[in-house]
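Quick note, the sequences are listed as chains G and W, same order. Take the first sequence: its position 249, counting from 1, is numbered 249 in the numbering used here, and each next residue is one higher. Counting the second sequence from 1 gives a position; the numbering used here is that position plus 572.
There could be a bad hint or two in this list.
Distance ranges between label pairs, derived from CB positions [claimed, not checked]:
1. W:Glu-1062 - G:Asp-248: 35 to 43 Å
2. G:Asp-248 - W:Trp-838: 43 to 51 Å
3. G:Lys-2 - W:Trp-838: 34 to 42 Å
4. G:Asp-383 - W:Leu-689: 40 to 48 Å
5. G:Phe-263 - W:Glu-1062: 46 to 54 Å
6. W:Leu-689 - G:Phe-263: 33 to 41 Å
7. W:Arg-867 - G:Asp-383: 53 to 61 Å
Derived contacts from chain W toward chain G, CB cut-off under 8 Å, selection only [to be verified]:
8. Glu-583
9. Asp-587
10. Ser-591
11. Phe-593
12. Leu-698
13. Ser-703
14. Asp-820
15. Lys-866
16. Arg-870
17. Asn-874
18. Arg-1003
19. Pro-1047
20. Glu-1058
21. Ala-1097
Derived by calculation from the structure, the hints in this document are not laboratory data. For each residue, glycine too, the CB sits at the ideal point set by N, CA and C.
There are 2 protein chains.
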Amino acid sequence: MKIRKYLPILEWLPDYRLSIFHQDILAAVIVTVMLIPQSLAYAMLAGLPPEVGLYASIAPLLLYAVFGTSRTLSVGPVAVIALMTAVAAGKISTSGSADYLTVVLLLTFMSGAILTLMGLLRLGFLANFLSHPVISGFITASAIIIAFSQLKHLLGIAANGHNLPELILSLVHNLSDMHLITLILGGGSLAFLFITRRWLSLWLEQVGVSHSLASSLVRLAPILAVIVTTWISSFFVLSEQGLAVVGDIPAGLPPLTLPSSDFTLWQQLWIGALLISIVGFVESVSVGQTLAAKRRERIDPNQELVGLGVANLGSAFSAGMPVTGGFSRSVVNFDAGARTPAAGAYTALGILIVILWFTPLLAALPITTLAATIIVAVVSLIDWHAIKHTWRYSKSDFSAMLVTIMVTLLQGVEVGILAGVALSLALHLYRTSRPHSAVVGRIVGTEHFRNIDRHQVETCSRLVLLRVDESLYFPNARYLEDRVLEMISENLHVQHLVLSCQAVNLIDASALDSLESINSRLKDAGVLLHLAEVKGPVMDRLQLVNFPSHLSGQIFMSTFDAWQALGPEHKV
Amino acid sequence: MKIRKYLPILEWLPDYRLSIFHQDILAAVIVTVMLIPQSLAYAMLAGLPPEVGLYASIAPLLLYAVFGTSRTLSVGPVAVIALMTAVAAGKISTSGSADYLTVVLLLTFMSGAILTLMGLLRLGFLANFLSHPVISGFITASAIIIAFSQLKHLLGIAANGHNLPELILSLVHNLSDMHLITLILGGGSLAFLFITRRWLSLWLEQVGVSHSLASSLVRLAPILAVIVTTWISSFFVLSEQGLAVVGDIPAGLPPLTLPSSDFTLWQQLWIGALLISIVGFVESVSVGQTLAAKRRERIDPNQELVGLGVANLGSAFSAGMPVTGGFSRSVVNFDAGARTPAAGAYTALGILIVILWFTPLLAALPITTLAATIIVAVVSLIDWHAIKHTWRYSKSDFSAMLVTIMVTLLQGVEVGILAGVALSLALHLYRTSRPHSAVVGRIVGTEHFRNIDRHQVETCSRLVLLRVDESLYFPNARYLEDRVLEMISENLHVQHLVLSCQAVNLIDASALDSLESINSRLKDAGVLLHLAEVKGPVMDRLQLVNFPSHLSGQIFMSTFDAWQALGPEHKV
């Protein structure tokens, strides 16, 4: 049972049959074909040599098949994580330099270690720090930055920068160096991809192709662009005309690599590694859950952390880059009929075959085509609908989203996501800092008590009954203190305050301190504090620290008991 | 009304009478006498020349009297803030160097600006980020660091470091340079202060002195130590024997100073300034609230931010250092009978008189005596009781406290408080990440529904009724998604899921996304999602984004309506 939890492969491998194999292998072939240009493109986006993307599509997929819980997630390099890798590594080293790969490998290792550790410690809930508006805004802004960062390849010019103003300035500055052949091939690919994406599947469906097959075919359009432009580039030897191409990729197994032990580097990289881990995890889990639910399957978020963590560790030891589950590939894998994670393992074998024997075919592939495929892929990540939707639904959530987008665009990905997280946490604290509470009075002749502002109720000037409608913890502890003290300072006749706690499931140490200070401050002001309807577990805790014996007043079973003991019927 | 809110002085000044003046002036004289050695000592602790402490005790007090809402808070330099100032400024400049004062002034200005801005924007709730265990652990650890940092003055040796290991190593390393006269005067003062603190008030009470007068007299013991050791130092001209003394303090009004406009410096200091602001505010407000409650007065936390902010701005423009409300001084002020903030203004005048005419009297004051007064003051901040209490009450809160203490001691104040805040937020997210919810069934023959695990209820295999007992927002949105999907994957007969929302006061954008994905995933799995008992304001929001029309199922007024429509009585 325990082993099965940590080795999800044991769930499906014993029942593996030939019919499942057939489905898995078909999906694997399709995904492999899709993954080749993607892994080259995302390696380029991360500022790495193309083979690194292929290396990152072998070991991680094999390991995820053993440790992952999603049956159809396609792990490998993805756009947003590649950008975050470029930013984190680019702060320390320059793309193309000898130690850039060392930095990326350490980043991959640290990200793998963080994910694995979070999984083993069941810390998946930490992903909750990223609210949906923040992650959605972050991905939209990252996609815009990525699209702009690829324009230089499309135009055949040099440009740099990890945020929008830098990129645009740099592009404008070098625009005069534009290379026409590059632009024609890239622009042509881009136009072809946008047109197929918009109209091909409609047209296919009109001629009778099923919806899911049609959309799978559309997702394979980049392959066609790659094949055609590679053939053109190769036939006319355009690299001699100044067209940038992928070039020679070393054939052979991925080399074994070990993470750097440079402690200073660890210190510089940990924030980047943490952000890559969390963003990658959140993205991957949401894809995995969407697909799993369609077949009433389940994924286990904490085990997913382990699966992705081990995949990244594998990537770090085999000269790869940070990986996670990609959205479009996983959907293709699912639609193509993958039944088990074995499909991922077969994809890894496919990539292995490519890197062993077919790399010469990729040498003439124009970089500008890869840039076009990246642009088309990331443009679909820009989520205008989510922005409008959030604006309409909640101005406070929208503000968190807008700040994330703007700061990411203007300052870059790391500051952007941190700003979004900080703001959404602050807004959350603000919303939860006012526990719902109401002064209640007695409905005449009954044992029921209701809000005095909404109902005709009986009250007593000596006695205030305050019903607390939420658990008490540090974000709202101070507010209760303020509210009670304000009530007492406004009403000089009060002698008794009863807190009615039927909705209080938890009192944390901060709230306990607040209760103690409310108690002693009320005592100084000549008012007794009483509690009513305290739940069992809460009471047990309070007794651990002898709170009931410090309490100036009493603890009543019910609000009505308190009313009888302290209310108008009680003669002073 | 509006003006009164921002100028609390208008609350009390119009009613100011001679009798109140008499009470205020008496308190002011006592507090002035206490503040002289304190301001010198805390300036020293912050690595500043002694006069800076006196300057910081003039303008800030006058401004707080105008803008502050506490009637008895005594604003000025305090120990923990002085330490934090030393740490923040020490990272950029060296104490004693020409630009150290520039850095501290900018820090004071930024802290003042942050506080004022937070107050005007009503952001007082941000102080909730600091849970009680974190602030209490932080102050305990800071007090230990401060006490150790003063040992060098007591021993007459050199030592450095902003955390415990550095300090201890540095002390041990230089122990051989110990200066005997310094140790005798400092050790004697220390022993005297500890003895008076422990026994004097008991003895005074035994001979008939009232409790509050007795404890005020004890708080004035440091003055006696200062007078006696200054006299000894002066009479025997001990400074010529190597005793470190305060030395010449320039007489005259505080100079006008302007904050530096060096942008790099701003960037380096803002985290330090923010932490100083928040810690200072939290400490000050808790002192202010304690004292105000004793007289059934009120303080307004947001206006307190403005009051403290303007006080710090005043300090920055008059060559001062960061200030906030101090605990022991405020208690003395209160016990001595201060009625209004005018007492603070009179204290400022007292300090002004000292700096204009009486600084020569302070020249022979031994530094070792000041160190002794600091040690005695901070040792009382070490709160063993809170540590034991929190351990007994809640292991989770205790862990946040322990991490704060350990990281502060080992890594210093800034990392310490940030680690504490991060951990307590993470623990809070963890606790709130599981919204209380229960699968409910019908109590036979009634319209009531109860938890199926606790009551004998009627259920239906086609229908799951899930009662959600909390508001839905990003920390818990994912959990609900997981829970629902798990329920559906385990129970293949389910056709309808009803979320009963009577306790849901809020659905934020993340939770809305979760609901939408629950809805579409359930639809993929052939299960319809229904809602019941949605509150009015929540429903209004959902309608803004047309959620009801996307919903695969219906929205019922009550759980019973849902039961009647979908339950066992409904024939499929």
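To see whether the hints hold, each was checked on the structure:
For W:Glu-1062 paired with G:Asp-248, a C-beta distance near 53 Å fails the hint of 35 to 43 Å. Range check, G:Asp-248 to W:Trp-838: about 50 Å between beta-carbon atoms, so the 43 to 51 Å window is met. For the hinted restraint 34 to 42 Å between G:Lys-2 and W:Trp-838, the CB-CB distance of approximately 54 Å leaves it violated. Checking the proposed 40 to 48 Å range against G:Asp-383 and W:Leu-689 shows it is violated: the Cβ atoms sit about 33 Å from each other.
The supplied range of 46 to 54 Å is met by G:Phe-263 and W:Glu-1062, whose beta-carbon atoms lie about 47 Å from each other. Look at W:Leu-689 against G:Phe-263: about 39 Å separates their beta carbons, and that is inside 33 to 41 Å. A beta carbon spacing of about 56 Å between W:Arg-867 and G:Asp-383 agrees with the range 53 to 61 Å that was offered as a hint. Because the closest C-beta pair between W:Glu-583 and chain G is about 13 Å apart, greater than 8 Å, the hint is violated.
Look at W:Asp-587: its Cβ only gets to about 17 Å from chain G, farther than 8 Å, so that hint breaks. Given hint, W:Ser-591 at the interface with chain G, is violated; its Cβ is 22 Å from that chain's nearest Cβ, farther than 8 Å. Of the supplied interface hints, the one on W:Phe-593 is violated, with its beta-carbon coming no nearer than about 24 Å to a beta-carbon of chain G, more than 8 Å. Given hint, W:Leu-698 at the interface with chain G, holds; its Cβ is 7 Å from that chain's nearest Cβ, closer than 8 Å.
With a cut of 8 Å, the hint placing W:Ser-703 at the interface with chain G holds, because the nearest CB-to-CB distance is about 4 Å. Hint on W:Asp-820 is violated. Least Cβ distance to chain G is approximately 45 Å, over the 8 Å limit. A least Cβ separation of about 4 Å between W:Lys-866 and chain G falls short of the 8 Å threshold, and the interface hint therefore holds. Here the hint on W:Arg-870 is kept, as its CB sits about 5 Å from the closest CB of chain G, short of 8 Å.
Interface hint at W:Asn-874: violated, since its Cβ lies 10 Å from the closest Cβ of chain G, which is beyond the 8 Å cut-off. The beta carbon of W:Arg-1003 comes within 7 Å of a beta carbon in chain G, closer than 8 Å, and the hint placing it at the interface holds. Because the closest C-beta pair between W:Pro-1047 and chain G is about 5 Å apart, less than 8 Å, the hint holds. Checking W:Glu-1058 against chain G by beta carbon gives a least distance of about 6 Å; that is within 8 Å, so the hint holds.
Evaluation of the W:Ala-1097 hint against chain G yields a held restraint, the C-beta minimum of about 5 Å falling below 8 Å.
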